[in-house]
Amino acid sequence: MFDFSVVSSWIHQFLTSVMPEGLAIFLECLVVGVCILAAYAVIAMILIYMERKICAWFQCRIGPDRVGKFGLLQLFADVIKMLIKEIVELKNTDKFLHALAPYIVILSSILAFACLPINKGMEILDFNIGVVFLVAVSSLGVIGILLAGWSSNSKYTMIGAMRSGAQIISYELSIGMCLLAVAIFTGTLQFSEIVAFQADGWLIFKGHIPAVIAFIVYLIAGNAETNRGPFDMPEAESELTAGYHTEYSGMHFGFFYLSEYLNMFIIAGVAATIFLGGWMPLHISGLEGFNAIMDYIPGFVWFFGKAFFVVFLLMWMRWTFVRLRIDQLLKFEWKILLPIGLFNLVLMILVVVFKLHF
Amino acid sequence: MDLKKRILEIAPETQFVEQGDIKAIVPSSSFYALAKKLKEDEDTSFDFLLSLTGMDFGDSLGVIYHLESTKYGHTCVLQTSTTNRENPELYSVCDLWKTANFNEREVYDFFGIRFINHPDMRRLFLRDEWNGYPFRKDYDMDSNPLNMTNEVTEDKTTELTIDAEGNVIEKENTLFDDKEYVINIGPQHPSTHGVLRFRTSLQGEIIKKIEPYCGYIHRGIEKMNENLTYPQTLALTDRLDYLSAHQNRHALCMLIEKALGVEIPERVQYIRTIMDELQRIDSHILFYSCLAMDMGAITPFTYGFRDREMILDIFEQTTGGRLIQNYNVVGGVQADIHPDFVNSVKKFIPYFRNILKEYHDIFTGNVIVHQRLKGVGVLSKEDAISFGTTGGTGRASGWACDTRKRKPYAMYDKVDFKEIVYTEGDSFARYMVRMDEMLESMKIIEQLIDNIPEGAYQVKMKPIIKVPEGSYFTSVESSRGEFGVFLESKGDKYPYRLKYRSTGLPLVAAVDTITKGGKIADLIAIGGTLDYVIPDIDR
Amino acid sequence: MGLKKPKIKSIKYEEFQDNESLEKMAAELNANGANVILGAVDDVINWGRANSPWSLTFATSCCGIEFMAIGAARYDMARFGFEVTRPSPRQADLIMVCGTITHRMAPVLKRLYDQMAEPKYVVAVGGCAVGGGPFTKSYHVVQGVDKIIPVDVYLPGCPPRPEAFLYSMMQLQRKIKLQKFLGGVNRKEKKQK
Ligand code: SF4
Chain A
1 MFDFSVVSSW IHQFLTSVMP EGLAIFLECL VVGVCILAAY AVIAMILIYM
51 ERKICAWFQC RIGPDRVGKF GLLQLFADVI KMLIKEIVEL KNTDKFLHAL
101 APYIVILSSI LAFACLPINK GMEILDFNIG VVFLVAVSSL GVIGILLAGW
151 SSNSKYTMIG AMRSGAQIIS YELSIGMCLL AVAIFTGTLQ FSEIVAFQAD
201 GWLIFKGHIP AVIAFIVYLI AGNAETNRGP FDMPEAESEL TAGYHTEYSG
251 MHFGFFYLSE YLNMFIIAGV AATIFLGGWM PLHISGLEGF NAIMDYIPGF
301 VWFFGKAFFV VFLLMWMRWT FVRLRIDQLL KFEWKILLPI GLFNLVLMIL
351 VVVFKLHF
Chain B
359 MDLKKRILEI APETQFVEQG DIKAIVPSSS FYALAKKLKE DEDTSFDFLL
409 SLTGMDFGDS LGVIYHLEST KYGHTCVLQT STTNRENPEL YSVCDLWKTA
459 NFNEREVYDF FGIRFINHPD MRRLFLRDEW NGYPFRKDYD MDSNPLNMTN
509 EVTEDKTTEL TIDAEGNVIE KENTLFDDKE YVINIGPQHP STHGVLRFRT
559 SLQGEIIKKI EPYCGYIHRG IEKMNENLTY PQTLALTDRL DYLSAHQNRH
609 ALCMLIEKAL GVEIPERVQY IRTIMDELQR IDSHILFYSC LAMDMGAITP
659 FTYGFRDREM ILDIFEQTTG GRLIQNYNVV GGVQADIHPD FVNSVKKFIP
709 YFRNILKEYH DIFTGNVIVH QRLKGVGVLS KEDAISFGTT GGTGRASGWA
759 CDTRKRKPYA MYDKVDFKEI VYTEGDSFAR YMVRMDEMLE SMKIIEQLID
809 NIPEGAYQVK MKPIIKVPEG SYFTSVESSR GEFGVFLESK GDKYPYRLKY
859 RSTGLPLVAA VDTITKGGKI ADLIAIGGTL DYVIPDIDR
Chain C
898 MGLKKPKIKS IKYEEFQDNE SLEKMAAELN ANGANVILGA VDDVINWGRA
948 NSPWSLTFAT SCCGIEFMAI GAARYDMARF GFEVTRPSPR QADLIMVCGT
998 ITHRMAPVLK RLYDQMAEPK YVVAVGGCAV GGGPFTKSYH VVQGVDKIIP
1048 VDVYLPGCPP RPEAFLYSMM QLQRKIKLQK FLGGVNRKEK KQK
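As you go down the protein sequences, you meet chains A, B and C in turn.
So in this note's numbering, the last one in the first sequence is 358, and the numbering has no gaps at all.
So in this note's numbering, the last one in the second sequence is 897, and the numbering has no gaps at all.
So in this note's numbering, the last one in the third sequence is 1090, and the numbering has no gaps at all.
Chain A extracted, bound-state conformation:
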């Protein structure tokens, strides 16, 4: 198995040999930061392209295919256009907060993105309370959404923001429950260790029933977290025009647009990491030859493969279901999803205590 830490420690040694350590670390941080941003943008573009193609496929259409081969350049055209689009200045709004909101949203999703272990030894933020940190930063986004809704000084955005607040805070609980169940099972909150724990089998197999329940609940709650259909209440095109970002134009809107996709990727990435083994290849005990072959496939391929698989599931949901109503949405969380999550937690504890897992 390829270990990325070899590369990173080599770079570190090389840098410290030519410059003081502080500067070296600073430089490394800079490079890592740029890499994250680049990866962020690239993944968002891939996701948007993927969504357009998948949705077209669901809808018996072709999807983008004129701009570049198979429409591959479509996204670049969109980005260029978005970048040069005027940013409308509004009267009677809180200008500072209005401009700040999209950055908060994008910041929170970048921070959360940095927590994902992409390959062995390729964790950027990896410490012993990684899971808690991820939950904390990803819920920062809701502040951005609330600010956006409030500072636009429009009734539509306000309703959208309020819906979003209620929705994200509620569904955060379910996500917490699922992550807690995983933490109980693996005994750690650190992403790299969670992945390492799954070396002899992915959690969804090892933890059987409670893990599967947790996975499903997590997917539903995660979809709601990202404000995507059927939980796209805060934007609800046909109800609130564009929800909390109605008044945003140009790149500020672009940030919301990008962060929506990235949040989806983060949800999928976390699901892949904690339930599907992250960068761990598929290992079946007893079949040594098979395992050895699987090990040849690099970790990040595994990770992205799994993450995009989950993304596909989320898109499938999005393009099939009808939007819920806000009260049904909250009812669904508090009366169905959360009790299931709690029950599942107990189940998981029982499984762990009595060693019923594989």
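Hints should not be assumed to be uniformly reliable.
[To be verified] With a straight-line cut-off of 27 Å between C-alpha atoms, the simulated DSSO-like cross-links for lysine-lysine are:
#1 B/566 <-> B/874
#2 B/765 <-> B/776
#3 B/824 <-> C/1034
#4 A/155 <-> B/567
Calculated directly from the structure, the hints in this document are not laboratory data.
Got chain A sorted already, so can you dock chains B and C with the ligand onto it with the hints?
Here is chains B and C with the ligand on its own, set in the frame of chain A:
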């Protein structure tokens, strides 16, 4: 029962005119009492106000009422007028029939007749600062140049009442007070299906009150008709409710043919019926698509449009148009059906039967859809009749109001089909009515398509059509309700007044009642299931 | 220097109609000579803009149904990059005026147009938007949207066929490709002080 005698008993000064349809001319002083009696008496029970038409008779201004009893099926036409052109006032009947509320506002808007005891005497279609009343014969067409100032929406409205001494006084009513959280949905909003505007008072997400504003697509078609010859007027009906293009035109052609006493060849009747039903399927598919889209599911939307294209192809083959076909003409149809018409229709029907199952799989069967539609937006049968919400909406509330059964025309009395009636009155019932109606339509087409008789597709008409003097009314079942045409003719080659009974106006009038207590999301879903087309409301 | 000809995949330049006004526009824009470097940047920007005009969900009447049809399965405007229709005018690049504009609607349309962020374009769809259509004699219909807002492409028809919609979009693309973004030549509204 002799209606004439009954009317004379209540209002002895009534005169009867027998040109075209029989019309009772009632003096304005005794009109309200007569209307009330006719509505409330057990043996007359005229509970359905089909149409309310304003008229400028030249020397006087008046209103014509078409009443119908849902119990007995009998109809009558009343007319009342006032000679005071400066300050015309008539009594309102909006407490008897709820639909009169909007209709009287329309009359006020067009003719300036003010209705006493009407709670909300504002203009309906035109801007508040509009000069004059466009439908009066002496209206100056250039008196209102384009006004680009933004419209100010008033929260106050006036009501005319009678005080103790019998004088007419003005009272002020409040629509929304300052403390209410009022949001503005429309006129440009993705799910008002066009340019309708709702001012919605909210409490959190719950709707307290809705005030619809129409007129953003008021094109003055009825007024334009007064300067067009009869064949020319046909061109504009397609643009009213473009999803019932065939049926609308069918209605107008039928009216003129009836007035002229022209016998229509059987072949034409077959073709018209088939076209009407195809159009109905087309419209209902669009209904399904748009409802799905309003509720946030885009995939069913594209499915619907994919299959709708097949109908459009069939239309295009024969008529040359996709949406607006201009196919019916007075005395027949524009051109004979395409040689391949029968074949393509026969190919389409089994295909669509199959695909309907897919629709149900992806949308109807979905739990969320059930949650969102069942028990939401209930309209009781009484309200449905009182508002005059014909079509799918009425039938979902248990009111068997299908014009094809009530007053059969074309081939409808010779084919076998079921009138779909649900009793729940909620959004889901409204949805299911349309889905089931598509099956019935296909049944009708199947019965006719193989037996289209040979013969002429058109009767030769005189180059200039003059309709004999009198007033006439016909209606057809359009895709979304009873579409009626009222014609007052003075024997010219132009109509004196041509009025269309809008299928959508009653629906919009009922929105407030239906949505009260629901959520914003319900408003959208209800709007989707009511299935109105705005240009048909605004005309 | 010959005029650069905007290219649209699979349709030849000569096959488009009304090339004259396009050339006239280009000649006017290039009257002061073109800066080579800026020109190259402009080309990239214009390529981006031309391939991603997102239209506002705006339809007042009949033509709107045909507009919906081009978004759906058979005609699928997503192929050309017009994928997204935004319901919020702030995020739209293009307004397709589908349908009759009445006197009451006119101020609303103007306001929507003002709310859009630059660069913005207008396509007048259908006889009604072009010049009043069948309703020229009406007392309540605006005789063409160009009385209210500047129009970039006129698309006649009642309603225009979906193919014609796509054609009008391509004409708009050609127009965009010739414009100069840098220097603000195609800014429609002057910045307010
Ligand atoms: S141009 Fe024709 S189809 Fe389009 S809005 Fe006008 S009348 Fe309707």
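Status of each hint after checking the structure:
1. B/566 <-> B/874: Status holds; Cα separation ~6 Å.
2. B/765 <-> B/776: Since the Cα atoms of residue 765 of chain B and residue 776 of chain B sit roughly 15 Å apart, the hinted pair holds (cutoff 27 Å).
3. B/824 <-> C/1034: Judged against 27 Å, a Cα distance of about 22 Å means the pair holds.
4. A/155 <-> B/567: Given pair residue 155 of chain A, residue 567 of chain B holds - Cα atoms ~17 Å apart, limit 27 Å.
Against the hints set out earlier in the document, no violation occurs for any number.
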